[in-house]
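K.L.:
Using the sequences and the hints, build the whole thing.
These protein sequences, in sequence, are chains W and S. Heads up: the first sequence is residues 1 to 111, going by this note's numbering. Heads up: the second sequence is residues 1001 to 1115, going by this note's numbering.
These aren't lab readings, by the way, just hints derived from the structure by calculation. Where a beta carbon is used, it is the ideal one built from N, C-alpha and C, also for glycine. A portion of the hints provided could be inaccurate.
Restraint-style ranges between C-beta atoms, simulated for each label pair [as the list claims (entries may be wrong)]: (1) W/E14 x S/T1053: 46 to 52 angstroms; (2) W/D58 x S/N1077: 37 to 43 angstroms; (3) S/K1057 x W/T25: 17 to 23 angstroms; (4) W/Q44 x S/Q1044: 18 to 24 angstroms; (5) S/S1022 x W/L61: 30 to 36 angstroms; (6) S/S1079 x W/Q59: 45 to 51 angstroms; (7) S/G1003 x W/A77: 24 to 30 angstroms.
Restricting the straight-line Cα-Cα distance to at most 30 angstroms, the calculated cross-link-like pairs of lysine-lysine (BS3-like) are [to be verified]: (8) S/K1057 x W/K36; (9) S/K1057 x W/K70; (10) S/K1013 x W/K103; (11) W/K103 x S/K1057; (12) S/K1057 x W/K67.
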Amino acid sequence: GEDVEQSLFLSVREGDSSVINCTYTDSSSTYLYWYKQEPGAGLQLLTYIFSNMDMKQDQRLTVLLNKKDKHLSLRIADTQTGDSAIYFCAEPISGNTPLVFGKGTRLSVIA
Amino acid sequence: KAGVTQTPRYLIKTRGQQVTLSCSPISGHRSVSWYQQTPGQGLQFLFEYFSETQRNKGNFPGRFSGRQFSNSRSEMNVSTLELGDSALYLCASSLGAGVNTGELFFGEGSRLTVL
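P.N.:
Shown next, in the form of structure tokens:
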């Protein structure tokens, strides 16, 4: 099957770190993606990681990739109220597009 | 550079009607994908077009169809609407497979309500 699995909800306090986890299906995926969706908006690419990398850091974001377990995680350091959104993990169906998305993790940040 | 534009943003239809949604991709992008987003199912892939040809198709009934024009603009059509078709329909464009990281650029969506 082509199911990308994510937990549905995560609640954190402002200033804490958030970790969103994802399990993907295709070990041959070249890139894996994290998208963010704010209320009433479309999806926006947050970051991506190439499959030959174990980790990628971009400011407050850290992506970890465990290819053996097909596990991808997104860590947001110093989480702010503006980070409240739905976060989607995605992998390609074949080649580079189209993408299969998880159901999304709704992150709530408590002030 | 203008982003992905979807029209209309909101629409209300009744069961049995049909609807056409439009998507203008980012200039230079040749690939357009369509997704249906619902609270229960999340994002479900509908179809992908590249250079006016349908390249991939998701698991949706034949009531869902699409096409792409020579200027890369795309339309999707849903005939004989059912209540379950109520959803946010998202269009995404990209340069095309094999030439980049595969990043999709999404529009804000067309929210369809079927009564």
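K.L.:
Compare the structure with each hint and give your call.
P.N.:
Hint by hint, here is what the structure shows:
no., hint, result
1, W/E14 x S/T1053: 46 to 52 angstroms, "48 angstroms, holds"
2, W/D58 x S/N1077: 37 to 43 angstroms, "39 angstroms, holds"
3, S/K1057 x W/T25: 17 to 23 angstroms, "19 angstroms, holds"
4, W/Q44 x S/Q1044: 18 to 24 angstroms, "19 angstroms, holds"
5, S/S1022 x W/L61: 30 to 36 angstroms, "34 angstroms, holds"
6, S/S1079 x W/Q59: 45 to 51 angstroms, "46 angstroms, holds"
7, S/G1003 x W/A77: 24 to 30 angstroms, "28 angstroms, holds"
8, S/K1057 x W/K36, "24 angstroms, holds"
9, S/K1057 x W/K70, "25 angstroms, holds"
10, S/K1013 x W/K103, "26 angstroms, holds"
11, W/K103 x S/K1057, "19 angstroms, holds"
12, S/K1057 x W/K67, "27 angstroms, holds"
Of the numbered hints given earlier, the model fails none.
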